[in-house]
Amino acid sequence: MIRRLRWLMGSSSSASNKAALALTNTSNRQRPFKAIPQETIHEVAIYIHRFHNLDLFHQGWYQIKVSLRLEDTSCTFMVTPARVVQYEAAELGCDGAYGIWSIDDTDNSFSTQPFWIKYARQDVYLSIMISFILSLGAEEGPLTSSAILKFELIYAPALKDGCKLKSSLNASPAAVHEFRIPPKALLGLHSYCPIHFDAFYAVLVDVSVHISMLKASCMSPLKAFGEVTSLDSKQMLLIEALIAARDTLLEHLKNISKAIDQEIGLSKSISDLDHKKKAHDIAGFSSDRLLYSWSWYDLSNYVRSLGNEILYLWNRFLMFHRSNKTKILEFLYDAWAEDRIAEWSIWVVYSKDEVPHHYMSTSADDSSFHRPQLKSLNVPKFANDTAQLSAIRAELHRQSIGKMTINSQSLQDMHLFGNPSCVPIVIVERMIHSTSSSRSEKLDQILSRNLLDRTRFGASTMSIRRADGHVMRVVVFVHGFQGHHLDLRLVRNQWLLIDPNVEFLMSKANEDKTLGDFREMGLRLAQEVISFIKAKMDKISRTGKLGNIKLSFVGHSIGNVIIRTALTESIMEPYLSHLHTYLSISGPHLGYLYSSNTLFNSGLWLLKKLKGTQSFHQLTFSDDPDLRNTFFYKLCKERTLENFRNIILLSSPQDGYVPYHSARIEASPASHLDYSIKGKVFWEMLSNCLSQIQAPSSEHRIFMRCDINFDTSSRGRNLNTMIGRAAHVEFLESDMFARLIMWSFPELFLYL
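Positions in the sequence shown are counted from 1; adding 4 to them yields our numbering.
Derived from the structure by calculation, the hints contain no laboratory data.
Don't take each hint at face value.
What the hints assert, rightly or not - Under the rule of at most 30 Å between Cα atoms (straight-line distance), these lysine-lysine pairs were calculated in the BS3-like manner:
1) Lys258 / Lys331
2) Lys262 / Lys329
3) Lys331 / Lys122
4) Lys329 / Lys188
5) Lys612 / Lys512
6) Lys638 / Lys512
7) Lys641 / Lys517
8) Lys154 / Lys188
9) Lys407 / Lys154
10) Lys682 / Lys613
11) Lys329 / Lys154
What the hints assert, rightly or not - Simulated restraints, written as ranges between beta carbons of each label pair:
12) Ile575 / Ser606: 36 to 46 Å
13) Arg632 / Glu737: 35 to 45 Å
14) Asn319 / Val475: 41 to 51 Å
15) Asp127 / Asp542: 24 to 34 Å
16) Ile575 / Ser176: 50 to 60 Å
17) Asp76 / Arg326: 29 to 39 Å
18) Asp111 / Glu751: 38 to 48 Å
19) Ala162 / Glu524: 35 to 45 Å
20) Asp109 / Leu603: 53 to 63 Å
21) Ser606 / Arg632: 25 to 35 Å
22) Glu751 / Arg125: 16 to 26 Å
23) Gly607 / Lys682: 13 to 23 Å
Please read all numbers here as calculations on a predicted model, not as lab measurements.
Just so you know, even glycine gets a beta-carbon here, dropped at the ideal spot from N, CA and C.
Start from the sequences, fold in the hints, and give me the full structure.
Structure representation (structure tokens):
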């Protein structure tokens, strides 16, 4: 194993560097020789910086295993670990240590030293670089297959016996996370690569990947004297690939050096050589003319010099990286975060809609309104069913993704790109108000800036891990009916990835208590939130000065009703001015009026009859004979939404547990033709809710509706999908939708 390691780290002498960079010109015209293709390699360097425990369920020993393979199994190119550099002594999370890093010759994989994880949000700094060499044969052209970079999480329980620990770590991996490296990226790449594994082993491993194409050997003449042939197409492509690799590497080095404000110290002759011109000269000649314009010696020297330059730049980068590893990682992280909007836009569809003036009352007490008359609209009947329209739109988009050829030069997360058509489709509606053209235009400008200009976000995301505590950021997560306080942990984990310093409260106040009155649930939540905030304030006041508080809420299902009820409590009044972001996940904000799910409605009716559940009576407006005296009608008159700076309503047309229009706070198609007291009450509730969102308490309020369409093809048709339970639960069991939304709009979840 040791024999196979090539320790190339270190500085070369200046004399050898100058010799390597010298391009020899000769006027001697030798008799042309046949050119043998040069052998090339791709070096993939993986720097593992930090292991952060987001949400591991078990204490014990963990280890990261890394391997590299070609995606095209018909390719027989050799992939082997080539160098290992331990930058600093690893912090293994315990006093004792078992084992060291290792290379497995059977599968050409690398494994880190085992480390001990004992508590949540624990950091283990590994600080190690491992390089893999992908060797191309001498007769092969540039690589056309993608490579798969595989990370495995190995787990072993707490064992005192080191021998037993070693055998336990050799068991099957607990979780796997893979990335695809496209062929173009194999020419040159420097990228941040976050490893999350899966929902059951939620961690963050800060990794950066650095790739370059290198030349391993030179061309040589055939022994047969006088044999004359020209460069074939594969040879030309290899030379062009080497030139592209050299230019890419040089550009990346300059960008990194400038971004972190550290001089990399490149030789001046590197910048003076123009290989693009040389490549143009070579490609511009016909095969016959090339033989007489370039001698074999000239061409061989040119390729040798080109290869030496790339090797020189690569070794300079490796030394530079070792001295500036943290700054480089921060720069690459910021670039990665900024690129998420473009990379993941495949699954996010943007549109802009208006909140019509006739939906809103002019004051909280004004219940007058005007409904649009659908009879005058010459549209198909189903066009008024926004749920059906959304489902059709998402399915058409999903089908187009299935036919799409993704040609990227970046690392591709196989959780998303492994099967792109199975990823949830997110339809984002950015709402503007049509009551005032100037206000609408201003809000539209804010939304456009948030979508297109991410420079401000990219400059601060990684550095926030070291930010001071002047702003206390609190996020409260509230579960739904008969839920558990950890139901929203996947959304919490995504929020922590964006803002690692946020304080989160997973509400327990209403566990096993969601059958009662919403007013009691709201009071319990309000008391829990205030106690949590005061405890955090006391802690900060002992160590520093508290400047401000930013309070956000995330609710699932009826948890959103509990949140809005809690905000009506008088004890919450001092904190209303500190409200920031409200993320509603399938919340019945308008109750269950006009619920079209017959099976679910029957279940609600049965539960009300058998158990007399108060919360169900309130949801279905049967808690009082007078609809205007019901809990929900009164709740909608309360100003529970107007103090939030950002409001995001998540819904799904596949979710049959919550009426689609209720989750989106919009008109139900059935309500347009209902002129009874029920219809009037519904429109008054809708008007009251939307008027809060329009209220000028927050000049830059952002209001978005996001439709989530899950891929249910693997489930088939069963009772869960028929009654809409599958999608309702999918909000808790999958974090893909949260990743797409939160990383597309990070400024809504990251605030200083």
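Comparing the hints with the structure gives:
For a cut-off of 30 Å, the pair hint linking Lys258 to Lys331 stands: about 14 Å separates their Cα positions. Of the supplied pair hints, the one linking Lys262 and Lys329 holds, its CA atoms being roughly 15 Å apart against a limit of 30 Å. With a C-alpha separation of about 28 Å, the suggested pair Lys331 and Lys122 falls inside the 30 Å cut-off, and the hint holds. For the hint pairing Lys329 with Lys188, the CA-to-CA distance comes to about 25 Å; that is within 30 Å, so the pair holds.
This hinted pair checks out: Lys612 and Lys512 have alpha carbons roughly 25 Å apart, not beyond 30 Å. Distance check on the hinted pair: Lys638 and Lys512 sit about 26 Å apart at the alpha-carbon level, within 30 Å; holds. Among the hinted pairs, Lys641 with Lys517 is consistent with the structure: their alpha-carbon atoms are about 25 Å apart, no more than 30 Å. As the CA atoms of Lys154 and Lys188 are separated by approximately 19 Å, the hinted pair is consistent with the 30 Å bound.
Restraint check for Lys407 and Lys154: the C-alpha separation of about 26 Å stays at or below 30 Å, so the hint holds. Of the pairs offered as hints, the one joining Lys682 and Lys613 holds, with about 22 Å between alpha carbons and a cut-off of 30 Å not exceeded. Taken as a hint, the Lys329 and Lys154 pair is honoured in the structure, with Cα atoms around 22 Å apart against an allowance of 30 Å. For Ile575 and Ser606, the Cβ-Cβ distance of about 39 Å falls inside the hinted range of 36 to 46 Å, so the restraint holds.
In this structure, Arg632 and Glu737 meet the distance hint of 35 to 45 Å, their C-beta atoms being roughly 39 Å apart. Between Asn319 and Val475 the C-beta distance comes to about 44 Å, which sits within the given range of 41 to 51 Å. A C-beta distance of roughly 25 Å is found between Asp127 and Asp542, which places it inside the suggested range of 24 to 34 Å. Distance hint check for Ile575 and Ser176: the Cβ-Cβ separation is about 52 Å, which falls inside the suggested range of 50 to 60 Å.
Between Asp76 and Arg326 the CB atoms are about 33 Å apart, so this pair conforms to the stated range of 29 to 39 Å. For the pair Asp111 and Glu751, the supplied restraint of 38 to 48 Å holds, since their beta-carbon distance comes to about 43 Å. Distance hint check: the CB atoms of Ala162 and Glu524 are about 43 Å apart, consistent with the given range 35 to 45 Å. In this structure the supplied range 53 to 63 Å holds for Asp109 paired with Leu603, their Cβ-Cβ distance being about 59 Å.
For Ser606 and Arg632, the hinted distance range of 25 to 35 Å is satisfied, since their beta carbons lie about 27 Å from each other. Roughly 24 Å separates the CB atoms of Glu751 and Arg125, a value that falls within the hinted 16 to 26 Å. With their beta carbons about 21 Å apart, Gly607 and Lys682 fall inside the hinted range of 13 to 23 Å.
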